[in-house]
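Each of the two chains sits in its own frame; use the hints to bring them together as a complex.
The chain contents come next:
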Amino acid sequence: MSEQLPPKAVYPPPGVYTGVDPDIFTNSPARSPSIPAAPARPEPKLVEMTIDGMPVSVPRDMTILDACRAQGIDIPTLCALSTLTPEGVCRLCVVDTGGRALTPSCSAKVAQGMTVQTENEKVRHARKLVLELLASSVDLDLAGPVRPDGSLRAYMERYGADPSRFGPSARPAAPGERDAAEAGHHHVPDGAAAETVAQPVKVDNDLYIRDYSKCILCYKCVEACGVDAQNTFAISVAGRGFGARVSTEFDLPLNESACVFCGNCINVCPTGALMFRSEYELRQADRWHEDAQTTTRTICPYCGVGCTLELTVQDNRIVRVLSPLDSQVTSGNLCVKGRFGFDFVQARPEGAEPGA
Amino acid sequence: MDLRIADIAASPAERGAIDSYLDPRIGPARGGWDGGERNIAADGRIARGGHEARSHRDLLLPTLHAVQDRVGWISPGAVAHIARRLTVAPAEIFGVASFYALLSVTEQPPAAVHVCDDMACRLAGSEQVIEGLERELGPAGHPKPGEQRTWHRSPCLGQCERGPAALFTIAGDPPVRVSTGPLTARQILTRLDDGLKGRDDLEAFEGPAGTAPSPERLAQLRRFAPQAGQPVLRILSRVGRVDPTSLTDYLANGGYRALGEAIAAGPERVIEEVITAEVLGRGGAAFPAGKKWAAARATQSWPKNIVCNADEAEPGTFKDRLILEEDPFALVEAMTVAAFAVGAELGFVYLRGEYPLAEARMQNAIDQARARGLLGDDVMNAGFAFDIEIRRGGGAYICGEGTAIYESIEGKRGEPRNKAARSTTAGLFQKPTVLNNVETLVNTLSIVLEGGEVYKTLGTSGSTGHKLFSVSGHVNRPGVYEVEFGITLRDLIELAGGVTGDKRVKAVNIGGAAGAFVGPDKLHMPLTYEAAEEEGVTIGAGAVVVFDEDTDVLDILRRIAEFFRDESCGQCVPCRVGTVRQEELLARLIARHPQGTVEDELALLDDLGAAMRDASICGLGQTANDAISTGIRIPGVLR
Numbered sequence: 001m002s003e004q005l006p007p008k009a010v011y012p013p014p015g016v017y018t019g020v021d022p023d024i025f026t027n028s029p030a031r032s033p034s035i036p037a038a039p040a041r042p043e044p045k046l047v048e049m050t051i052d053g054m055p056v057s058v059p060r061d062m063t064i065l066d067a068c069r070a071q072g073i074d075i076p077t078l079c080a081l082s083t084l085t086p087e088g089v090c091r092l093c094v095v096d097t098g099g100r101a102l103t104p105s106c107s108a109k110v111a112q113g114m115t116v117q118t119e120n121e122k123v124r125h126a127r128k129l130v131l132e133l134l135a136s137s138v139d140l141d142l143a144g145p146v147r148p149d150g151s152l153r154a155y156m157e158r159y160g161a162d163p164s165r166f167g168p169s170a171r172p173a174a175p176g177e178r179d180a181a182e183a184g185h186h187h188v189p190d191g192a193a194a195e196t197v198a199q200p201v202k203v204d205n206d207l208y209i210r211d212y213s214k215c216i217l218c219y220k221c222v223e224a225c226g227v228d229a230q231n232t233f234a235i236s237v238a239g240r241g242f243g244a245r246v247s248t249e250f251d252l253p254l255n256e257s258a259c260v261f262c263g264n265c266i267n268v269c270p271t272g273a274l275m276f277r278s279e280y281e282l283r284q285a286d287r288w289h290e291d292a293q294t295t296t297r298t299i300c301p302y303c304g305v306g307c308t309l310e311l312t313v314q315d316n317r318i319v320r321v322l323s324p325l326d327s328q329v330t331s332g333n334l335c336v337k338g339r340f341g342f343d344f345v346q347a348r349p350e351g352a353e354p355g356a
Numbered sequence: 001m002d003l004r005i006a007d008i009a010a011s012p013a014e015r016g017a018i019d020s021y022l023d024p025r026i027g028p029a030r031g032g033w034d035g036g037e038r039n040i041a042a043d044g045r046i047a048r049g050g051h052e053a054r055s056h057r058d059l060l061l062p063t064l065h066a067v068q069d070r071v072g073w074i075s076p077g078a079v080a081h082i083a084r085r086l087t088v089a090p091a092e093i094f095g096v097a098s099f100y101a102l103l104s105v106t107e108q109p110p111a112a113v114h115v116c117d118d119m120a121c122r123l124a125g126s127e128q129v130i131e132g133l134e135r136e137l138g139p140a141g142h143p144k145p146g147e148q149r150t151w152h153r154s155p156c157l158g159q160c161e162r163g164p165a166a167l168f169t170i171a172g173d174p175p176v177r178v179s180t181g182p183l184t185a186r187q188i189l190t191r192l193d194d195g196l197k198g199r200d201d202l203e204a205f206e207g208p209a210g211t212a213p214s215p216e217r218l219a220q221l222r223r224f225a226p227q228a229g230q231p232v233l234r235i236l237s238r239v240g241r242v243d244p245t246s247l248t249d250y251l252a253n254g255g256y257r258a259l260g261e262a263i264a265a266g267p268e269r270v271i272e273e274v275i276t277a278e279v280l281g282r283g284g285a286a287f288p289a290g291k292k293w294a295a296a297r298a299t300q301s302w303p304k305n306i307v308c309n310a311d312e313a314e315p316g317t318f319k320d321r322l323i324l325e326e327d328p329f330a331l332v333e334a335m336t337v338a339a340f341a342v343g344a345e346l347g348f349v350y351l352r353g354e355y356p357l358a359e360a361r362m363q364n365a366i367d368q369a370r371a372r373g374l375l376g377d378d379v380m381n382a383g384f385a386f387d388i389e390i391r392r393g394g395g396a397y398i399c400g401e402g403t404a405i406y407e408s409i410e411g412k413r414g415e416p417r418n419k420a421a422r423s424t425t426a427g428l429f430q431k432p433t434v435l436n437n438v439e440t441l442v443n444t445l446s447i448v449l450e451g452g453e454v455y456k457t458l459g460t461s462g463s464t465g466h467k468l469f470s471v472s473g474h475v476n477r478p479g480v481y482e483v484e485f486g487i488t489l490r491d492l493i494e495l496a497g498g499v500t501g502d503k504r505v506k507a508v509n510i511g512g513a514a515g516a517f518v519g520p521d522k523l524h525m526p527l528t529y530e531a532a533e534e535e536g537v538t539i540g541a542g543a544v545v546v547f548d549e550d551t552d553v554l555d556i557l558r559r560i561a562e563f564f565r566d567e568s569c570g571q572c573v574p575c576r577v578g579t580v581r582q583e584e585l586l587a588r589l590i591a592r593h594p595q596g597t598v599e600d601e602l603a604l605l606d607d608l609g610a611a612m613r614d615a616s617i618c619g620l621g622q623t624a625n626d627a628i629s630t631g632i633r634i635p636g637v638l639r
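Residue numbers (my numbering), protein chains in the order written: chain A, 1 to 356; chain B, 1 to 639.
In isolation and in its complexed conformation, chain B is listed as follows (with noise of 0.2 Å):
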């Protein structure tokens, strides 16, 4: 590949931020060809590229967000620069860049907040912060000359039980990159003008103070999960009871049995378990688990992958951010536990860009892990390597699909694949992959340590075990529950607290965006697999979003509508098209502009959602019409 570079100098901040991540992976740069010094003796005598630099690709988008961290946009200098240090062509570098919400490729100030105004949020008040914000700063990503901060509109945060939340983004050496909530349009630029002045303190107003378990601490986690502590938790039990930064305090409290456990019992017996569990994938496919591992295994293709999708961007779920947070150490173990199974040697967690405090707790699991020959080429001293990576995805909803997360993570643009192989014989990197959602993962270590036949007790028939719902919107208690697969949709609101007022419910949303709207009628549903698909509907991650009856539902299905055409990869017609057809449908019913009659209106809609779910390639435009086409039929909606 001969690539043709423009002579554009990265500033030296750029050079410094590609170069500090680049160097201690693949070593400084040799000359001129790769982004080091020229040498024209030295040069014009060797070519380096092939093979050897392009293998690289994979850290393209980790070169991408330092550039971003530290500058606050990718200039045509830092493209200029990681294009010879990669050898990527710059225009496929822009390719990616521009893919990704959380890059910018045009030039912005340095401190951004990205404002959540998705269901849970816009229901607690972010039109009025985004009116703040607007008053004080202009447009959105249009910042008045001379201004260092702006702001953005931006989809679901997972933060929905504290809305409306935010997600700070202040570039510097260091960075300061903060996500949390309720917050006014008042608190934001004060904050702003804090991260600006380098004041650290911003990440304060993260998370429950600390880290050491204390009543306090439990006290503030109870905000986020309320049955913190509570000993029937299975998934949850070290949330708040555990210091989620401390590998002691997490071996202390039975960690890393499992594992002991597993390497036990070999790999064979392991996956058995799993198999005989009846765990279904907890991100929304509900693919049994223990299937995709046998799979893997069986596959002669080696290395192979564990990818653990942490991208948790459905609208309305957040459940995977408290596991993050409160007790990553379980997921480190978890995806050890599943490498010795399938035989992997490299893992990855593609955890998504808006939790900055996961992707801490997380790293410092890793690290300490490591540290401790928990992780790495011999782990615990058992004659297996294993790794685990970090990959921290860029504002792309897309790349939490199971294909796009492969694409995203070798560095290219999020574009889900025409499903050719399976992941199980060719996925990361065309090699055998085991990709599991952070609950599924966390769920095998009870597997392990009980037995599938204990496991498959817990739960119904066709969903066994327990399982993390999010529930937000118009309860008293929002926040994740740990529950017995088999509660009723009225029993979880129950147990949420109830509806706000004690008003009636006039709509809940199960599964985010790309699940489905039901009725109050719907209430006696059990929230099983098998019963969501009696109904028509989908448990998808388990996202519960609750709407009282003065609730403007018809304003909430407008915003899936622009959820789905901003992130539509816009790769294939029906998807990217069809996505934008169906918001301008919804915009002419909400302006009582219908063409033709309102009916026509829903029989084109109809239309839409039929060729989007048999024509489109990936999950996500088969999807984007199901909460709209169910959400405009629940009485009251549609006056």
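Excised from the complex, chain A in its bound form (with noise of 0.2 Å):
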């Protein structure tokens, strides 16, 4: 039995393509007999301006802050990574570009003829308050700008912030009580402590833990899980104002929401709010020696792509994979098998020696 088929389907439909010869479809054109030259390499567009008083010629589609970096000018970042789609949110790039308010060097592109001052008396305020601010209503132990290295603290110093200038800090909130947080509501205050984020750590899992005291809100993470790198989309920032935080839908544990354990997030959060649960454990039973851990590059053993592994192995154990951000494999992603399955590595017999 034959089956009619519908009319073969004629592409493009007629009408549509105007101008444009419609034999170009079915016939290639003929070649030309002598092949052009490429196209010249255009020129690199390059801006004009000024960087704290030294004229300079940049390309033009970078941004600010690269264009500070290239001149060995040093800009404290949070919220900015180069993995990453800048958000221009933690405000600690700052610079002053003459306009009514500061500029995020982040995010903004240099443009011709511009002047640019990156440690003026209204960036510097800016930025101690930015600091001020964050220390204190966020644990910042960790935080660095781009690895949870302790390295914030240096910008500290540098801007003099002092966060107990707002009084004391207040208690820390009750398990899910920053997860129930309701738009356009609050407890007012009586302003006689200074109101944090501080939270119990959520452990909900084997794999990694999520200890919202330490996170400044900076969108890595949403952006990492979603259309920056894994696109799953398991996080996203919810609430508003001081209540906003980084929450699954009604705050789900992890493993009943869409994450994929890829620890991607980890991978990019600067202040150790994201830690691998091994880390965790170790932390709190104080047997987190930095100084005793070896950092060990390796391709993952997995599939045929050959990610960048960078593993961090103390007591000849692995208690952390990584991914270099800047590995042309990677950029710093994994999937769970590479950043999370090398238990069978460390699988061996009772008392056998390793290498044995």
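These are computed hints drawn from the structure, not numbers from a lab.
A portion of the hints provided could be inaccurate.
As the list claims (entries may be wrong) - Label-pair ranges, simulated between beta-carbon atoms: (1) Val201(A) - Gly198(B): 29 to 37 Å; (2) Gly50(B) - Val336(A): 20 to 28 Å; (3) Ala382(B) - Ala37(A): 51 to 59 Å; (4) Ser11(B) - Pro42(A): 43 to 51 Å; (5) Ser461(B) - Glu177(A): 54 to 62 Å.
This structure is a prediction, so every number in the text was calculated from the model and none was measured.
Even for Gly, the Cβ is constructed at its ideal location relative to N, Cα and C.
What follows is the structure in structure tokens.
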């Protein structure tokens, strides 16, 4: 029995591509006898601008941050990361471009004739206050611009930030209290203590923990989980104002959420709010010793992609797996196997020595 | 996008609400993939999604409203169903729903009342109302077991002339949404009960009875538009004289003459006239409207959008409400003129969720205009297409901000964008967009009719035309006043009947929470953009709240600090944490427990203010300290 086939679709539909010879779709056009030369490489488009009084020429599409760094100027950042779309929310990287308000250098592009001041009084004041406001509300012990390495402390000193100006810290929130914050409402404070985001650590799976007392809401994990890397969308910023927090839908535990445990959020978290459970437990037991650790770069053994792994090893055990942001293969991203599937490496018979 | 959606079923009511909103717009669900009946045989061979599905993201907020209206909260089941229908991740839907104060992500009883405790209502005794409700219904948002009613505090509801005001939301099919005042706790409780019994006469309390013009109606209207019916009015000329629900009546009173003129003159000429008129944006930013139109017209990208900012949430401001409720056809016409001038096809009215009567009147106006060919594929048979959609805000002041409004319409969290591109280049949906305030748009009608030169003769050289001021607080006749630019603050207060009880003025708030306070030494100040700038204040959207000599202004400042903390979107650090620290600081001053001396606290307040002003992303954070830092320095405020 032969089925009636639908009439063959005519593509393109007649009349759509006006001005184009319809034959082009069926007959390739005749080759030109002499192949034209490749077009000349376009001149790099440069703009002239002034950074801290210094005239410079920089590529047109550069961010102000990159242009300043190329001049050797150190600008602190928290929410910016080379592998993610700049969100421009922490406001630590602000510079003065002569406008009424300051400009976030991480997301703003350079422009012809622009004058940038990276360390004037207005800028220093804003950075000092941003650091004070953050430090008075968030646990910044481990925070650093890129990795949770505590290096933010140097900037606190550089800008003379004193978070105690806002008074003693208020008591930590009860479990679930911050997750129940309703948009547009809060308990009216008495001012005696400075409210913080302190709350119990969320430990709901074997692989990683979420310590939102350390969360500065830089949006990096949300970006890494979403369009910038993983496209899983397990987390989003929920609530608003000081009640804003990173959350799964209805604060579901991670294993009931869409989380695929790729751990790419851990790889971008600058404050240690997201942490390997192995690292967290060692820190809790006061057995996390960075001076006794080695870092080994290797290739993931699982599939053929060949992702670069960066193993943190302590006492001859893998305690954390990262991937370098500048790896051409991964840009810092891994899957659940490469990130967490390392137990087999250290599943040795009882008493056996490594290498035996 | 491969979504993982929890296997929780939406209730029939939730499904009904979601599907009856979405089906007419995107068609019914076609299988298990997009929220319909699961059919293993078919679903296993077809995957739906991709760009087509994701392009409906802008329907997310209205869909959430549909659920909230029907069942009173957004449950996990509802989120799962919406996620399938719109191909949006549940976490993102939760992120959006939890952003808006009028949407609830925890179970709530069907009947809720949102009681305004902002500046004007505070003076009118909102705290007594709240005490009464708390006694009867328990703490805000936490009803007693089995209770069908609950209450919430609310920022300004835009009913400042009739405080204490409240917004009733009673979930059901159909839902009841009414905003009115003044009310006592007893009246509120009765009306909640009435609403639960399905008595729709709750709506009758809302505005002046009926819609047809009559002496009685005019008298009632004068309660909030005291000048209604006076011949000097230009913006409010039809208020009280024309039935706001009748297009026929509008047409008989000069309606659609401006659009006719505009079509005859051509788009370039219309823009020229608006530029000549030098009309500045009335929403607060005072940007020249003509320049905006010209820039949007010049951008080579289509389709273009007109967005009317009707998210009038600035505390103390209620002038747009008057236009929306009493002359909605004028706004429809003005948006059509703007669309014709810039070549836009899509119009959105982003209307604050606290204005149910305005929404009903606007929807009626749009529907009637469409039925008569004044909106649609061929407007007035003039060969251009334009249509308008209302998008209801969810109770978020930030969504009145120039880019947060686009994010909100696009179905995202209402977070302002880091200003990279101008609206007129890449605004709503990254397309050229003209964003105008209600009052600005309505002004353009008389510009088209009389020409920019004539318009320019009104007002002062820096502030042309007439301006609406929302006057409230301690004045005898609070309401919306239309005056020519140049009137002094003192004369405006006199126009509003003077200070109640013949008391002296202690302070006046100009421009709302984002504005500033002035003392009695500034009453001579002309209310113009240029004079305000000289005095270091802002006209903003034209809120004027008067406080007499006996007012505890410090308490008002604390309420403003509370407001900014609640309304900050939370994106950037200076605003998210700065607004918290600012409120704590004021609490210490009120409790007379400063850290160090009062001067130390004031210095810290200024430090906070400078960082918020310089480093915040948007206007909310940049102005969140202005009212407080100006108010606290008025003599007698900080005793």
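Outcome of the hint check:
no., hint, result
1, Val201(A) - Gly198(B): 29 to 37 Å, "48 Å, violated"
2, Gly50(B) - Val336(A): 20 to 28 Å, "25 Å, holds"
3, Ala382(B) - Ala37(A): 51 to 59 Å, "52 Å, holds"
4, Ser11(B) - Pro42(A): 43 to 51 Å, "60 Å, violated"
5, Ser461(B) - Glu177(A): 54 to 62 Å, "56 Å, holds"
In terms of the numbered hints stated before, the structure departs from hints 1 and 4, listed from lowest to highest.
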